[in-house]
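*Asks:* Sequence order for the protein chains is A and B.
Going by UniProt numbering, the first residue of the first sequence is number 1, and it counts up by one from there.
Going by UniProt numbering, the first residue of the second sequence is number 1, and it counts up by one from there.
Since the hints were derived computationally from the structure, they do not count as laboratory data.
Where is the CB? At the ideal position from N, CA and C, for every residue including glycine.
Everything hinted at is true.
Computed footprint of chain B on chain A, listed as stretches where at least three residues anywhere in the stretch have a Cβ under 8 Å from a Cβ of chain B:
1. 172-180
2. 321-327
Here are some chain B residues pointing at chain A (derived, C-beta under 8 Å):
3. Val111
4. Val302
5. Leu308
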Amino acid sequence: MSEPHIPLREGSTAGGVPASTVGQTDDMGRNRFGWDRLALSRRVTALPRPAKWALIGLFVVLLYLLPLLEIPILSTPDTDFGAVLFTVASYVLVALGLNVVLGYAGLLDLGYVGFYAVGAYTVAVLGSLQAQLSWWLLIPLAVVITTISGILLGAPTLRVRGDYLAIVTLGFGEIIRLTALNTEWLGAAKGITGVPRPPSVELFELPHLQWEGATAVIDLDDKTKFLVFGVADQAPYYWLALTVIFIVLGADRMLRLSRVGRAWEATREDEDAAELMGVPTFKFKLLAFACGAFIGGLSGALFASRQGFINPESFQLLLSILFVAAVVVGGAGNRWGVIMGAIVVAYLPERFRGFEEWRLLVFGMALLILANFRPQGLIPPRRTRRAQAVDEQLDALEEGTDRV
Amino acid sequence: MSFLFNNFVELTVTGLVLGAVYGLVALGYTLVYGVLQLINFAHSEVWMFGSFAAVWVTVALGVAPGSAMPVVIGVLLLALLAAMTVSGGVALLLERVAYRRLIRLDAPKLVALISAIGASFALAEIMGLRDRVAGWIGLRDTLDPYVRSARDNTRFQNPLETEGLFTVGGYTVSNVDVIIIVSAVLMMVALDQFIRRTRTGRGIRAVAQDSEAAALMGVNRNRIIRATFLVGGIMAGAAALLYLMRFGVTRWNAGFLLGVKAFTAAVLGGIGNVRGALLGGFVLGLAENYGSALIGSEWRDVVAFLLLVVILLFRPTGLLGESLGRARA
Chain A
1 MSEPHIPLRE GSTAGGVPAS TVGQTDDMGR NRFGWDRLAL SRRVTALPRP
51 AKWALIGLFV VLLYLLPLLE IPILSTPDTD FGAVLFTVAS YVLVALGLNV
101 VLGYAGLLDL GYVGFYAVGA YTVAVLGSLQ AQLSWWLLIP LAVVITTISG
151 ILLGAPTLRV RGDYLAIVTL GFGEIIRLTA LNTEWLGAAK GITGVPRPPS
201 VELFELPHLQ WEGATAVIDL DDKTKFLVFG VADQAPYYWL ALTVIFIVLG
251 ADRMLRLSRV GRAWEATRED EDAAELMGVP TFKFKLLAFA CGAFIGGLSG
301 ALFASRQGFI NPESFQLLLS ILFVAAVVVG GAGNRWGVIM GAIVVAYLPE
351 RFRGFEEWRL LVFGMALLIL ANFRPQGLIP PRRTRRAQAV DEQLDALEEG
401 TDRV
Chain B
1 MSFLFNNFVE LTVTGLVLGA VYGLVALGYT LVYGVLQLIN FAHSEVWMFG
51 SFAAVWVTVA LGVAPGSAMP VVIGVLLLAL LAAMTVSGGV ALLLERVAYR
101 RLIRLDAPKL VALISAIGAS FALAEIMGLR DRVAGWIGLR DTLDPYVRSA
151 RDNTRFQNPL ETEGLFTVGG YTVSNVDVII IVSAVLMMVA LDQFIRRTRT
201 GRGIRAVAQD SEAAALMGVN RNRIIRATFL VGGIMAGAAA LLYLMRFGVT
251 RWNAGFLLGV KAFTAAVLGG IGNVRGALLG GFVLGLAENY GSALIGSEWR
301 DVVAFLLLVV ILLFRPTGLL GESLGRARA
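If we strip away everything but chain A, and leave its shape as in the complex, we get:
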């Protein structure tokens, strides 16, 4: 979904804003290296609408087919590719949720894994340990309970100012994990087994591809049963997660463009000014927290029903930090950037599992390098880019130098 869209948005930026404010990029889309990076996007924008939809549709189909295609370089040699894709998808989902809190409303939440844990534990405790509810009931229940916990947590903490909020949420995230670890009713350290899986319907079988060099052969021995949520073949979980992502993306887009989205943006940029303009900032911050918790809980619930087994080890503080890293690396506030960031954070370590020992070192250095040389994120929000361009122009005017 992201591929054809980003250029589209960039193209519309260059078209909608007068050329002079685009800074480094002139109206032909050439940057200072003389490389026309908008060529493709302009070509895509020029396509008739049905063709555009067809392109997007093709891309969506491609995304759904990924686990079956087993593309040589992309596939992970050491682990089941379907499982890796599910992990990436759940990171994307979490990152989208955290993006509402961190990117839109500007609230640094270092305990986001707490919501993830609440979602997962609701499904596990009510589905296996203490009651045996049906999966269809568990998911909405998990989401509702997580949202309520988000509001309960947000109501007292959101009065705390920026940096402290990070620490308070970090504290709450750890409290949730340690409570699960120490409470017998919640399974304590040994965790909970037999978490219900999504109900299966066996409709038909889909064969995988097998690659020999550059030619692909349909491999009839390796088939995925469509919509059987088992243990061995993880592709159906990926499809489920991908579908949820598309739904969340739709909701995210509507929220962002609505009055709520603008209120969040105003609150993030200047809370006092927003309050003076009649935005009830506390209410909107709480709403952002609740939305974030909703998506985090949903993601945790999916994680638990895929895993079939959870224990407190799965909800380390480290995970919260990885989530924040995903959002910031990608570009907080831009949903496509955030998706990119989640893919970077989740996929790269899995792809290079062969280098198990070195992967965290490489990951740390990658974070360091990205933060230093791309501080605005991989794909920053349009607003940031525009503001940056204007800033640079003002600088150039003040200093009397031309930076182009």
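Go by the hints and put chain B onto chain A.
*Replies:* The following block gives chain B in isolation, referenced to the frame of chain A:
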């Protein structure tokens, strides 16, 4: 409840020992936060490197416990020096690699936090992979005593034998306990005087108050920032040796939890407040010990975090609440 009263002195003394270590590490957080308003997430790794430096010195000198007193003191002082040097060096490296560029660009705080998180991962992993790194540069055999079982606990052979000094309320206070608490307080007083009386200290306070105005008054801001990191690192190095003297083991990922606790201590005391750091450390150490005696030791960390949350909600500026910039000379 009765457990708390029966062991009150022991819980108090060990709480203060733990709190002294928290307080010294907390200084690094508090100083950097005071000057830059940034959470120096990688500070725990600075401490961790210092602890390994101390271990390596004792391994290299190979002093058995029970040696003559001057030898023991000499070894401990050398270990202290090594820990402070290494921690100070790592802190300076951190400033150079993770912060300097971002400070110059005036990047958002969040980005600096991510940069520090990346540095923290990288530093911890380098320590966890030190046997591989040694093999890489072809010194695996020469360095074996220093790099073996890199992912496991590393023991510190304390050259000083633990001896009971006096008994209060059924608990025998040991020489190590006294050394740790006294040296932490001494270091704190020294640092406090450094911040209040020296030229560099005045610079640190000036930059913390208003970095632009300080720069206009002729303070070299970059030098002050480096000095802040260095001082924080040195304190973390001292904390590392004190920690080892009492708890005896370190490992490549030991920094993380200690770092979170130390940060809690810094916030408790009032972040940016140098005196508050030690106070926060002591309060946190005592609260953890009393709390775990009351409701069970598995709730130890929950007590620490709950205390943090409660303090932030009801007194967000911490116990002493004064910022670094407003400290009087």
